[in-house]
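For this one, chain A is given, so just place chain B on it according to the hints.
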Amino acid sequence: MNRKDWAQLGKGLGFLSPWLIGFFAFTLIPVGLSFYYSLCEYSLLQKPLYIGLDNYRQLWADPIFWKALTNTFYYALMALPSGMMVSLGLALLLNADIRGQAIYRTIIFLPSLVPTVASAMLWLWLFNAKLGLINNLLGKVGIEGPGWLTTPEWALPALAFMSLWGVGHTVVIYLAGLQDVPRELYEAAEIDGARSWRRLWHITLPMLSPVIFFNLVMALIGTMQVFAVPYIMTGGGPTRSTYFFTMYLYDNAFTYLKMGYASAMAWVQLLIILCLTGFSFWSSRKWVHYQSK
Amino acid sequence: MLTQPTDTDIQTDQSELGALALGDAARADASKSHSTSMRRGKNSERLMTHLGLLLISIGFLLPFVWMLSTSLKTLDKTMEFPPQFLPSPAVPANYWTVLTSEKVDFPLFTRNTLIIAVLSVLGTTLSSAIVAYGFSKINFKGRGVLFALMLATMMIPFPVTMVSLFSLFRWLGDNTGIAWLGTFKPLWVPAWFGSAFNIFLLRQFFMTIPNELSESARIDGCSEWGIFRRIILPLARPALTVVALFTFMGTWNDFLGPLVYLQRPEQYTLALGLQAFQSQHGGTEWNLLMAASVLVLSPIIVLFFLTQKTFIQGIATTGMKG
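Respectively, the protein sequence lines represent chains A and B.
Under the working numbering, the first residue of the first sequence carries the number 13, and numbering increases by one thereafter.
Under the working numbering, the first residue of the second sequence carries the number 15, and numbering increases by one thereafter.
Since the hints were derived computationally from the structure, they do not count as laboratory data.
Incorrect hints may appear among the rest.
[Said to hold, decoys possible] Covered, in the sense of this in silico footprint (three residues per stretch, anywhere, with C-beta under 8 Å from a C-beta of chain A), are these stretches of chain B: (1) 75-86; (2) 180-187; (3) 256-267.
[Stated by the list, open to error] Listed next, the in silico DSBU-like pairs over lysine-lysine satisfying Cα-Cα at most 35 Å (straight line): (4) A:LYS142 to B:LYS91; (5) A:LYS142 to B:LYS117; (6) A:LYS298 to B:LYS155; (7) A:LYS23 to B:LYS91; (8) B:LYS155 to A:LYS16.
Backbone N, C-alpha and C define an ideal beta-carbon position, used for all residues, glycine too.
Same shape as in the complex, but just chain A:
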C-alpha cells in the first residue's frame, strides 16, 4: 500500500467510525460476552461463576426449552407458508390493471402499520370467545367458534392467522418486484399461447424468486424473535401452547434471573438463525433465478 492508499483508508475508516464503534460496543462485545455468560452461572446479583457447558446440558434436558422451540417452529410452519402465499396472491391481484387499485392497495397495506401492542389488543378482542367479532360472524353461518386463545389446540393457529392481517409490508415488496418483470416476456408468452397459470409458473415466479427469497430469510429471522404478541395476548398459555423461544429467554433472564442460562439460549438462537439463513442461501442456488443485468 502506498501513501495514497493509506490516506484513503484513513478517510474511509473516519466515515465508518460511528458504525465501527457501535459494532464493537453493541454487537461484537455483547455477542462475545453472552458466549462467556453462557458458560457461567450468573444471576446478576453475584459475579459470573464458570461452569463449562452445564447450561447447554441443562437446556438439552429442559422440557420447557424444547416446548418453546417446537412451538416456535410450529408457528413458523403455519405462519410462513400461508403468509407467503397470501402476500404473493395479493400482490398478483393488486398488480392487475383495474379501477380503484390504489384504494385496494392502501386498504391492504394499512394493517401492517398498526403498532404491535395495539394490534395485540385488537385481536384479543376479536378472538374473544363470547363477545368477539370472529365467533359472532361464525355463529351467523352456524359454526360455534372455539375459545381461540383459551384452548391449547387453537391458540397457536389463531396467532398465525392474526399474522396474516399484517402482510401488507411484504405485499408492497412483491409489487415492486412484479413491476420489475420485463413486459416483453409476457408478450412473448402470449404470442406462444401460454395460459395465465403457465405464465405465472414459468415467468412471474422465477423472475420474482430473488424477492421471494429475501422475504423468506427476513420472515425466518423474524419468527425466531416473536415475543410481544404472545406475551401480551396469552402470556404463553394456555398450558404453554404459545410459549415462544424468545419468551422463555426473556423469562430466564428477567423473571428467574438466570442470565447464564438465558445467554446459552441466546447462543442457540444465534446458531439456529445462522443455520436457517445458511440453508436458505444454499438452497437458493436451486430455485432463485437472478436476472443478469
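Quick look at chain B alone, frame taken from chain A:
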C-alpha cells in the same frame, strides 16, 4: 444501475419507484398496459379480480371498523349479544376517559415516546448517512469485507444481545456513576452509532448519485466532509426521509426494548403504557382499551398518509436491491 449512472438514470429510477406509490399506481399501470390484445376477452377475469379484492378489502378493514365501533360504545353495549356495528349511543367521551385516566398517564407516555423517537431518528439518520458515505463514495482497501460484515450483523436479532447488553449497561452505571438502566439512554444512544439496515438503505441510494459530482468537487479542493455535507446530503433527502420515518415508527412500535430497560411506570412508552392499561383494567373494559389502541395507532396512520409516496418507495427499495 450501480455503475456510474447518469442524471437521466436517476430520474427514470425514481419515477419507476414513484409509480409504486399508492396514489400513482392506477395511472402508471394504465399507461403501462399498452397491448390491446391482452385486454380482449378479459372482462370476466377482471370482474373476478374486482370481486376478490373487494371481499379481501372488507376482511382487512373489518378489524378497524370493529375497533372504532367498540371504542365508541358504552361498557354495557360491549357486552351486548349479538353485538351491533353502529354504537348507539356513541360515546366519544371514552377517549377523554382514557386520556385523563389516573391509573395510566397517556400524555406522559406520549412525551416519553416522542423523546426517545426524536433522539433515535436524529441519531440514526445522521450517523447512518455518514457511514453510508464511507461505504459508497470513498474507495479504500477492506471496504468490501467491512460491508459484508455489516450486512451479516443484520441477522443478529435483539434477543441475542439483550441479556449481555443489559448487564453491560448495568456495569456502565455502576462504574461511571451515570445510570443507564432505568433511563431512556439504552433506547436511543445506540441509534447514534448507525444501524446496519439504515446504512445499507442509504448506501444503495448514494450509489445512484453519479460519482462525477463528488470527483469534480474533489478536484476543486473540497474536503470529503464538505462533499458529504454540501452535495450528497441535499441530494439524498428522499432516502433520509425514509430512514427517519422507519426509525420513528420502529421506536413507536418497540415493546421488548422498553420492557427490558425501563423500570418505573413514569418512564413508560406508549407501547408499554397500553399494555399496562390493559392489565390495570383487568382486560374487561373493551371500550376504553379500544379507544386507547386507536389513540396509539392514529399518529402512525396520519404520518403514513402525509408521507405515503416516500414511505412506499422506501419499503419497495428494501426488497429490491438486496
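Hints that the structure is at odds with (numbers, increasing)
Number 7 - this is the single hint that the structure violates.
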